[in-house]
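These protein sequences, in sequence, are chains A and B. Position in the first sequence (first residue = 1) + 28 = my numbering. Position in the second sequence (first residue = 1) + 17 = my numbering.
It is possible that part of the hints are untrue.
[Unchecked claim] Straight line, CA to CA, 20 Å or less: simulated SDA-like cross-link-like pairs of lysine to any residue:
id	chain 1	residue 1	chain 2	residue 2
1	B	Lys103	A	Arg254
2	A	Lys226	B	Glu147
3	A	Lys226	B	Glu131
4	A	Lys220	B	Ala82
5	A	Lys226	B	Thr181
6	A	Lys101	A	Arg173
7	A	Lys220	B	Glu83
8	A	Lys220	B	Gln148
9	A	Lys256	B	His94
10	B	Lys103	A	Ala246
11	A	Lys226	B	Asn75
12	A	Lys319	A	Asp301
13	A	Lys220	B	Asp78
14	A	Lys220	B	Leu89
15	A	Lys224	B	Trp71
16	A	Lys226	B	Ala93
17	A	Lys226	B	His94
18	A	Lys226	B	Gly146
19	B	Lys103	A	Phe243
20	A	Lys226	B	Leu176
21	A	Lys220	B	Ser84
22	A	Lys226	B	Glu83
23	A	Lys224	B	Thr181
24	A	Lys256	B	Asp91
25	A	Lys226	B	Phe152
26	A	Lys226	B	Trp76
27	A	Lys220	B	Asn75
28	A	Lys256	B	Val100
29	A	Lys224	B	Phe152
30	A	Lys309	B	Ala93
31	A	Lys220	B	Leu176
32	A	Lys224	B	Asp78
33	B	Lys103	A	Ile251
34	A	Lys220	B	Gly177
35	A	Lys224	B	Asn75
36	A	Lys101	A	Ser361
37	A	Lys226	B	Gly141
38	A	Lys220	B	Trp76
Think of the hints as simulated: they come from the structure by calculation, not from any bench.
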Amino acid sequence: MNTTISKKSSSVTQKDPDVLQLIQPDKVHSSIFTDEGIFDLEMNKLFRRTWLFALHESEIPNPGDFKAFDLAKTPVIAVRNKDQSISMLVNRCRHRGATLCERGVGNARNLTCWYHGWVYDLDGSLISDVGQGKKEELGLTRLPRVDNYRGFVFTSFAPEGETLDEYLNEARAFMDILLDYSPTGRIRINPKVVHKYKFQGNWKQLGMDGYHVHFVHASVVDIFSRRKNTAGSAVGALQIEDPWSDESSSRARGFPFGHAALDLRQQRLDNADSLVEAVKKGPGGKAYADKMTEIHGAERAREIIALHGDPHLGVFPNLQLIHDHLRVMVPISASETEIHMYPIFLEDVTPEFNTARLRNHEDFYGPASFGSPDDAEIFERVQEGLHAGVNPWMAVGRGLDRDWVETGDVQVGPISDEVTQRAQFAEWRRLMTD
Amino acid sequence: MTSMKSSENKTEFTPATVEFHSISRFLVNEAQLADKGEYDAWLALWADEEIKYWVPCNWDDADPAESLAIILDDRAHLEERMVRMKHRRAHTFSQPARAQRVIGNICIVKENEEWVVNSSFTLGSINRGEQSVWFGESEHRLIAEQSIWRIKSKKVNLLGNDQTLTSLLFLP
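Start from the sequences and build out the full structure, keeping to the hints where you can.
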């Protein structure tokens with residue numbers, strides 16, 4: 029545990045922001061990162077309207093299982109009901125407002141408030157006599173929409189809006205890269221196995237960025253390039269070709285609704301044979317490759333394995349699927365963000381295959397890993413610099429002159445182009461000014 | 018490695034032997050080298066082969082086969098960690114190390130050729146002008162090589178390893 033002794037002063041609140049002007053085609057205004065007033069507006073207009081990733085269904089497999097966590101600065105409880113459906117309830121007693129569950133996971137027959145003993149059924153309905161109001165009107169507040177894509181559970185505070193399928197749209201094909209890597213097409217998340225990490229910076233700094241690798245992670249690229257084989261490592265298969273070079277076949281993609289991907293597929297498919305060999309040489313790799321071939325046939329198995337289950341996808345605004353983990357972004361304030369990184373366990377593989385994935389994750393991600401601390405450090409430096417009161421613009425125009433549009437209104441460019449940031453800010457502007 | 022909560026199994030009161038003083042001195046020296054960023058000298062305290070440097074995440078005995086660690090280094094990975102902490106382009110470590118720890122509650126038991134040393138620490142660390150305080154307990158397994166102590170393994174249970182953490186810029 030660490031206890032912060034000194035705190036930087038909070039940013040100045042801009043009272044009446046003309047939000048529309050803050051996002052320009054090639055630049056964005058610093059205040060969207062530093063202003064607490066804009067942060068509050070983001071919670072109301074963006075986080076409490078759009079789809080948010082809540083959890084993976086495997087985290088609460090049995091009736092009565094629950095997970096309590098924060099979503100859009102709101103304490104919520106995801107509960108597995110007796111009919112296997114999942115409810116999203118606001119973790120706040122309807123009486124005086126106490127939270128019913130502590131953050132974390134557990135199993136319960138009902139939810140009881142410690143303050144005056146109000147008892148709620150798992151679906152949120154009030155079941156005890158409380159001597160006031162109408163019982164049926166005093167149930168826990170439910171988030172109106174819950175939906176699921178292949179086990180990824182999303183929720184929305186808004187009763188109406190795009191369906192989840194419409195919202196994810198092009199991003200689904202990238203989520204499939206991750207899911208199809210599992211022999212059963214399903215993954216497991218253990219809610220207790222997580223790297224929880226925080227930095228003093230704004231949540232929007234956590235975009236997909238194909239530009240920073242050679243600078244922020246220069247030491248890691250140097251150290252990993254001394255290894256014999258880095259297939260599946262966080263910086264890519266360096267022994268084949270640098271995937272972060274603009275001369276490579278890697279592409280940055282910006283989708284509608286703010287999703288973005290660092291698309292390394294082409295390079296991986298071009299080098300499929302050597303990448304499959306590398307997987308086979310790892311712990312449990314041969315058995316895995318054989319099983320995948322049995323299920324999918326040689327050609328499709330080769331493709332799936334080469335893609336490594338790594339979509340490098342950002343699902344706006346709070347989910348990223350990178351490498352061997354899924355991460356949730358948890359905004360705390362304009363200048364503080366938590367990242368919760370859950371390693372992905374594949375179903376129906378040998379234990380050593382999943383164990384090797386855990387080690388691969390730890391290598392680059394986590395509070396004492398080789399990668400994450402450098403990211404946190406640069407985000408904190410950015411947050412500091414953005415407080416400059418003169419010329420308060422951040423440039424995000426790289427590639428504007430050379431990028432192109434593909435089917436589905438997808439913006440595409442070489443891997444270091446800032447199409448990913450621009451997609452995120454376009455959606456931010458749409459929601460904040462709508 | 019066994020849990021550090023097994024103090025009830027230690028039937029013997031740690032005697033104020035020559036070894037106790039020597040091992041206490043060793044722990045202080047190790048801590049000072051780590052805190053001052055003397056990484057080469059710190060690495061030299063470890064045994065040559067089959068070492069394990071383990072800082073569990075989420076709970077103290079989280080099995081690495083099924084869960085994450087904060088640090089889980091064998092010899093090769095620990096050597097890479099040293100290269101990284103000294104790397105001129107690892108900007109997390111661009112400022113000189115600034116940490117200070119105090120060690121106490123030292124308890125020593127001999128198991129065959131290994132000396133199992135439990136201790137507690139408090140540690141202050143400076144990162145980008147922010148001071149943070151950390152607490153934890155360590156289990157060292159030491160061997161004596163030609164009357165010099167060497168670390169076979171070190172396990173560190175950080176208090177709050179289940180909490181949201183900032184970067185660790187020191188060697189726990």
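Practice item. Verify the proposed pairing of Lys101(A) with Ser361(A), using a straight-line Cα cut of 20 Å. Key: 9 Å, holds
Review point. Taken at face value, is the distance from the CA of Ala82(B) to the CA of Lys220(A) at most 20 Å?
Key: Within the cut-off at roughly 14 Å; holds.
Exercise for review: Compare the distance between the alpha carbons of Lys256(A) and Asp91(B) with 20 Å, and conclude whether the hinted pair is satisfied.
Suggested key: With a Cα-Cα distance of about 17 Å, the restraint between Lys256(A) and Asp91(B) holds, given a limit of 20 Å.
Review point. Is it true that the CA of Lys226(A) sits at most 20 Å from the CA of Thr181(B)?
Key: The hint holds at about 6 Å.
Point to revise | Given pair status - Ser84(B), Lys220(A), alpha carbons within 20 Å | key: 9 Å, holds
Check your understanding: Given the hinted pair Lys226(A) and Glu147(B), is their alpha-carbon gap at most 20 Å?
Key -> 14 Å, holds
**Study point:** Given hint Arg254(A) paired with Lys103(B) - CA-CA distance at most 20 Å
**Key:** 16 Å, holds
Review point. Keeping to a limit of 20 Å between CA atoms, is the pair of Lys226(A) and Glu131(B) held or broken?
Key: 38 Å, violated
Review point. Is the Cα-Cα distance between Lys220(A) and Trp76(B) 20 Å or less?
Key: 9 Å, holds
Exercise for review: Decide if the proposed pair is consistent with the structure: Lys226(A) and Asn75(B), CA atoms, cutoff 20 Å inclusive.
Suggested key: Answer holds: Lys226(A) to Asn75(B) is near 15 Å, not above 20 Å.
Practice item. Would you mind confirming whether the straight-line C-alpha gap from Lys226(A) to Phe152(B) stays at or under 20 Å? Key: Measuring from Cα to Cα gives roughly 18 Å; hence the hint holds.
Check your understanding: Under the criterion that the straight-line Cα-Cα distance not exceed 20 Å, is the pair Lys224(A), Trp71(B) satisfied?
Key -> The hint holds at about 18 Å.
When each numbered hint is compared with the structure, violations occur for hints 3, 8, 16, 17, 22.
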